[in-house]
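Undergrad: Each chain, written out:
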Amino acid sequence: MSSPLILLPGDDVPADYLPSNASAPLRLGTGLRLLSQPNPTPASTPSNHVLTATQAGILSTDNRRNAVSILPSSNRRYIPTPGDLVVAQVHHSSADYFHCMITPQSPHALLGQLSFEGATKKTRPMLRGGDLLYARVLSTGLGAGTEVELTCVNPATGKAEPGGLGPLNGGMVFDISTGMAARLIRASSSSSDQEDGVAGLVVLDELGKKLEKAGGFEIAVGRNGKVWVDCSNSEEDAVKATVAIGRCLTTIDEHNLNPTDQRKLVTKVLRDMKIES
Amino acid sequence: MMGGPIASLHPLSRADGSASYKCPSTGSNVLGSVNAPVELPGRRDALKPEDATIEVFVKPGTAPSGVGERYVEGILRGALSRIVLGREKGYPRRGVVITLAILGGESIGRGGSYLPLLPALLHTSILALLSASVPLSMSLSATMLAVNPSGEIVRKPSITDARAAASLHVLAFTSKGHLLLSESEGRFNFDTWDKVYENALAVCHGTSTLSSDGDVAMTENMDTQPLEGFVRDTVEDHIRAEYAWKVDAA
Amino acid sequence: MASTAADSTAQAAPTAPPSLILPPSQFARLQPHAYLLAHLSPPASSQQPSLRANGRSPSQFRITSANTGSLTHTNGSAVVRLGDTTAVCGIKAEILHTEDIPSWSVSHSSSSLASNKRRKLTSPAENLGADREDGSEETDDDDDSYIEDFSLLVPNLSLSTGCAPGFIPGAPPSALAQSLSHQILSLLRSTRIVRSKDLQIWYQRPNLGREELEVHNEDEQMDVDVEQDRSGGATPEPREIKAFWVLYIDIMIISLAGNPFDAAWLSVLAALRDTKLPRAWWDVDNEIVVCSDLVSEARKLSLRGLPVASSFGVFEADAAAGWRAVLIPDAEEERKIADSERKGIRRRWILADPDGYEEGLSLERVCLVVDRDQGGSGEVVIVKLEKNGGFAVDRKELKQLVEISAQRWEDINQILGQC
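Residue numbers (UniProt numbering), protein chains in the order written: chain A, 1 to 277; chain B, 1 to 250; chain C, 1 to 419.
Fair warning: there could be bad hints in the mix.
Stated by the list, open to error - Keeping only pairs whose Cα atoms sit at most 20 Å apart, straight-line, the calculated PhoX-like set for lysine-lysine is:
#: 1; chain 1: B; residue 1: Lys-176; chain 2: C; residue 2: Lys-197
#: 2; chain 1: B; residue 1: Lys-195; chain 2: C; residue 2: Lys-399
#: 3; chain 1: B; residue 1: Lys-195; chain 2: C; residue 2: Lys-396
#: 4; chain 1: B; residue 1: Lys-22; chain 2: B; residue 2: Lys-59
#: 5; chain 1: A; residue 1: Lys-240; chain 2: A; residue 2: Lys-264
#: 6; chain 1: C; residue 1: Lys-197; chain 2: C; residue 2: Lys-92
#: 7; chain 1: B; residue 1: Lys-195; chain 2: B; residue 2: Lys-156
#: 8; chain 1: A; residue 1: Lys-274; chain 2: A; residue 2: Lys-209
Source of the hints: derived by calculation from the structure; they are not laboratory data. Source: prediction; values computed, not measured.
Go ahead and model the full structure; you've got the sequences and the hints to work with.
TA: In structure tokens form, the structure reads like this:
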């Protein structure tokens, strides 16, 4: 990979940074737009289209999907996009829906009472205000003032895909930046044997190794900048281990630690909390 | 010689985007935040159906805001609405709210000139917009120049220079070199303005366009980078720090 | 003009059923941008000149008229019409005693009479022989800090209810009204149009001694030199400022059809030219300011120059009219396009004195305030330049606009000369 290219709004994307796969159509991600030359003069290049950045960020290309986009700032507010996994909190329920909070500043998202795996009128989960959910954004609607809809089931198959969608019992929620959440999702979904881990994160692997003896842990990462952690298997150390994991994640997020420092931090935190590994 | 401006990106954690900017020569210090896209309740009829509504609020540090703030808010809104791409996905019918708090510098009385603060306000807004990832068509840079009574152009004028000046000029250029904004007051003629234009373009975009009248300004231009580069470096440094894990890995 | 619009609609849809043909007024409301664009770019075959929807050429101003002295209870007033935009300006002068200015005694060592009684303006008393009208001095004193320090000029602009459809009763001053007030105040200050000398009310001590006369003359030349007064602290100065005239300048836009600033500023200018201040002096026995009620003794303000405002709006053929966003060319490329523009299709028009309809369609605004040097040369001097909201107006365009504004100055000078 060549050195990352940082673009500012109005900068053209250089042609040699684009994926070279000419057969498939190029997919444009966030932060880029296609502009056409207003007055194509005969002297100009045959293709009179220009790719221009609209946000400041690192240009990221994906040769496999033939996609190109600009990585957004990691501290930005979460804006729901269909397909995102989020950790939501039930606020109240009405006849057909649970009204859930995804971010404190946005209006409540709707979750159908029957949008759970195998749910019928009789078997649907009875959730109360404050209960946590791991859900997928189904639709966001168009324009202002429209509601975000969530689901805990894949509408096509009727299964909770990927596993784990649905109510989250026990555990704790920690706030992280949206950029960190995206990295954690990438890191946890693809297991790699690289030395530096995926997306520069080794913390989950490290914690998993160290806490294996104590019973391991469960984690659900929401794109909305929330992580749910549970260590109910590790009996008397459950709370301590949960807090330790949360502390590791938030510290790494705040200080942008590199893999070596992440390993050191995990060891230090676990030692401070007196958790045997 | 005083150093260049000082800026930081994203000093506020709750806002979608924020920036602080300090200009040493005029002493102006501005903190700005941007929230976008946000719902603007209660003003449905005033919202444009296919475009974002840009709102700018300027809060003076020590005094309640008055007519001067309404005026400068109008200027900023006019300049920024040409740069923000309000038709991008998720923005139409929503608002881009920019709040600028003046933390330091000369306070401006009723009817006083807002020109000395204008470059700082513009830079803070553009940096905050960039930090909020609001889609923009280009970025901008702005500068103030004073023409003293003997007809010389003073770069980076201090407040005292500005008071003594025969005319004051604020010019803003987009990153593609368009003249986006020009506000001048005092007595001057068009030829003076033309020279001011050349100088301002040199301050914002480097010396490339400085014409043959190589005056004193040439020498002092060497030690400071053009403002356009300053905006770019500030943003790039921030992104590098944020994506350190990715940049280092590469 | 209506016929042109009807023509263009008919051309656009010649085969459409009759029910789909819109009268021009409806077309203008439904598709304002296309309507104005159709007027400005007539088909080449029609041999018509590029005219705006209101029948003016791009650089043509609306018919302007000014009438002064219409309001009898003011010291000066004017009604200005700029097409359908009408501004009324009334100037009321009131007396501000230096004793009522908190910072006065600190900054000026002149408050020998320490009395905090409220003064009232009473009918003119018998004038004291020692009092003398000043104003005969010809020195163009540059000390106008009084006007700024003590807010001797207080402009306020209001957009009255119903002047345009958006203005409803009981609403707070709109952002537009506030920023116009600010623009007028800052222009009054930066042009220094009103002389501080005209607003000062003096007290002349009676001449008691023989040498006093010499000192008096010397100080008169110095005018108000505070340092001088301080250094010679022991001897009481023969003249001192006892009060100021404060000019309350109220502007009301009673009909708003675009370009409120030009109309408002022109009304201020006309009203200031009309303003007469009564002769006033300090009555030392009664410790009050006394005014003469003789009209013949009232003085006009001696204004500095005649700054005239001209505003422009830029109308652009919508680049996003097609579905795809269009690349905005660099400034360098822009200039090349501008040169070749005359051959091809025009994309932008700079419209002088835009009316309300055109204002709603133009993002970019230019406001130029120009004056001509009074010192014989007649050189055009720009006193204020504002350009905001777009990329169309660059150096070349501004140069042309300065020329148009200079022409406009001549017209306004003539109009004001007649009233």
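Undergrad: Run every hint past the structure and note whether it holds.
TA: Results for each hint:
A hinted pair counts as satisfied when its Cα atoms are at most 20 Å apart, and Lys-176 (chain B) with Lys-197 (chain C) does not qualify at roughly 49 Å. Of the supplied pair hints, the one linking Lys-195 (chain B) and Lys-399 (chain C) holds, its CA atoms being roughly 13 Å apart against a limit of 20 Å. The straight-line distance between the Cα atoms of Lys-195 (chain B) and Lys-396 (chain C) is roughly 13 Å, inside the 20 Å bound, and the hint therefore holds. At roughly 16 Å between alpha-carbon atoms, Lys-22 (chain B) and Lys-59 (chain B) fall within 20 Å of each other, so this suggested pair holds.
The straight-line distance between the Cα atoms of Lys-240 (chain A) and Lys-264 (chain A) is roughly 18 Å, inside the 20 Å bound, and the hint therefore holds. With a C-alpha separation of about 18 Å, the suggested pairing of Lys-197 (chain C) with Lys-92 (chain C) holds against the 20 Å cut-off. This hinted pair checks out: Lys-195 (chain B) and Lys-156 (chain B) have alpha carbons roughly 16 Å apart, not beyond 20 Å. Annotation: proposed proximity of Lys-274 (chain A) to Lys-209 (chain A) holds, straight-line Cα distance about 16 Å (limit 20 Å).
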